[in-house]
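Undergrad: Below, each chain spelled out in residue letters.
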Amino acid sequence: IFKISNMKLILHNMLTSAMIKGVKKGYPLLLRATKVELQPVEFDAGFVVHMLPRLDWSGVTAAVQCLNQLDLLQDPLPELPPTVPDDYANNEDFLRKAHIALMQLDVIEGCLVCPETGREFPIAKGIPNMLINDNEAA
Amino acid sequence: KISICTMASRPESSLPPELYYDDKEAKKYTQNSRIIQIQSEMSERAIELLSLPEDPTIRSSLLVLDVGCGSGISGAALTEAGLNWFGVDISSSMLEIALENEVEGGLARCDIGHGLPFRAGCFDAVVSVSALQWLAYSDRSTANPIRRQRAFFTSLYACMSVGARAVLQFYPADELQLQLLLNSAMSCGFTGGLVTDYPESAKARKHFLVLDTAGTRPMPAAQDEAGGRHSTKQQQPMRKGSKAWIMRKKEQYRRKNPDSKALPSDSKYTGRKRKPRF
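Those protein sequence lines, which keep their order, are chains A and B. One point on numbering: in this note's numbering, the residue at position 75 of the first sequence is 75, and numbering is uninterrupted. One point on numbering: in this note's numbering, the residue at position 188 of the second sequence is 188, and numbering is uninterrupted.
Treat the hints as calculated values from the structure; they're not laboratory data. Every residue gets a Cβ at the ideal spot worked out from N, C-alpha and C, and that includes glycine. Be aware that one or more of the hints could be misleading.
[What the hints assert, rightly or not] DEER-style ranges, computed between Cβ atoms: (1) A173(B) x R32(A): 40 to 46 Å; (2) S51(B) x E120(A): 37 to 43 Å; (3) E92(A) x L176(B): 54 to 60 Å; (4) L19(B) x C66(A): 34 to 40 Å; (5) G121(B) x R32(A): 25 to 31 Å.
[What the hints assert, rightly or not] Result set (BS3-like, lysine-lysine): computed pairs, CA atoms no more than 30 Å apart in a straight line: (6) K275(B) x K249(B); (7) K125(A) x K275(B); (8) K125(A) x K28(B); (9) K249(B) x K125(A); (10) K35(A) x K275(B).
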């Protein structure tokens with residue numbers, strides 16, 4: 001069981017702005033983090049293996065690159081391969097790297113940006129605010 | 001001091017949830033042990049109705065969505081059941097309490113009536129405790145409750161993985177509201193229906209929408225007073241021409257034409273099957 005109340009990259013990867021009228025895809029949301037923290041979280045291979053097929057992997061690698069560039073961490077996040085390896089279910093080295101990126105990086109402050117409309121969703125105290133107005137809704 | 005069970009009006013009829021659950025109201029969810037107990041029990045029952053595998057290794061690989069997670073009472077039950085979860089709620093005060101409670105689920109703030117902000121196929125299961133009745137009301141002239149319900153249920157279906165189940169406990173104000181919500185859900189691709197625990201008691205009865213995304217799974221048994229389980233008659237959405245449909249149409253007419261005497265009053269003959277005369 002993970003302590004996951006702060007937004008982690010696994011949550012970021014599942015969020016979309018598609019509830020906005022006119023948005024076709026709505027992900028990956030651009031990640032503009034201003035405050036992040038690395039938190040130790042127990043590695044559960046079964047969870048990572050179960051989640052990997054439903055992730056948008058290019059969104060994961062883009063978020064990791066973006067965060068590493070921002071240079072907010074003492075140590076950068078591990079580099080991830082551009083595609084999920086075929087043997088991922090048994091590749092512990094890959095699973096552990098994916099785990100660090102997906103589960104141990106907390107985004108505390110910042111914002112998410114819709115890739116199609118530029119609409120911003122603020123993140124405060126680790127909680128993304130995905131509220132939109134009635135007239136924005138599809 | 002007015003206790004919850006003697007409240008004369010329903011919270012949904014006074015304010016929308018993001019205004020109703022201000023800091024003062026939200027505080028009850030940390031201090032009122034009876035509220036917490038009832039919410040916890042319903043959370044446990046909802047998780048039970050999910051009928052997930054008992055194996056803890058399987059459970060710890062799954063991801064559950066908690067709709068209207070509020071202060072984290074249902075989230076705590078999910079964590080206790082060995083499940084990972086993300087929770088959404090519209091109220092910042094309630095989410096603040098969830099943070100104070102150090103819940104072990106990812107949180108996001110959103111209005112479910114606009115559609116859930118998740119990609120397709122993310123969740124293995126969904127629970128909701130005492131949240132959906134808020135979709136039955138709207139005080140804003142731009143927002144249509146039925147449209148909001150459809151937006152919610154459509155996006156819910158989409159963000160569930162194949163074969164996933166959603167169990168949504170809610171408090172309908174009346175039979176009409178219940179049917180409208182059930183109809184909205186069933187018109188968005190789900191199979192399943194309504195399970196009502198303790199159906200004979202107006203005070204004790206609890207409604208759970210049990211919605212499956214694939215195939216026909218047997219509906220779980222409802223609980224009754226004696227603690228026994230019996231197969232609940234699955235409530236189907238109203239068929240056109242059925243007695244329930246006739247009653248609803250008459251009710252709609254009465255609402256729109258309160259002074260009209262044109263409508264025959266209800267009796268045991270209303271909507272009764274007639275003998276075929278051909």
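Undergrad: Hints first: check each against the structure and report whether it holds.
TA: Do the hints match the structure? See the list:
Checked against the given bound of 40 to 46 Å, the beta carbons of A173(B) and R32(A), roughly 43 Å apart, stay inside it. In this structure the supplied range 37 to 43 Å holds for S51(B) paired with E120(A), their Cβ-Cβ distance being about 40 Å. Between E92(A) and L176(B) the CB atoms are about 56 Å apart, so this pair conforms to the stated range of 54 to 60 Å. At about 36 Å, the CB distance of L19(B) to C66(A) agrees with the hint of 34 to 40 Å.
For the hinted restraint 25 to 31 Å between G121(B) and R32(A), the CB-CB distance of approximately 27 Å keeps it satisfied. Using a Cα cut-off of 30 Å, the hinted pair K275(B) and K249(B) holds, with the two alpha carbons roughly 23 Å apart. The suggested pairing of K125(A) with K275(B) is violated, with an alpha-carbon distance near 66 Å, which exceeds 30 Å. Between K125(A) and K28(B) the CA atoms are separated by roughly 22 Å; this keeps the pair inside 30 Å, and the hint holds.
Note on K249(B) and K125(A): the hinted pairing is violated, with a Cα-Cα distance of about 49 Å set against a maximum of 30 Å. Of the supplied pair hints, the one linking K35(A) and K275(B) is violated, its CA atoms being roughly 73 Å apart against a limit of 30 Å.
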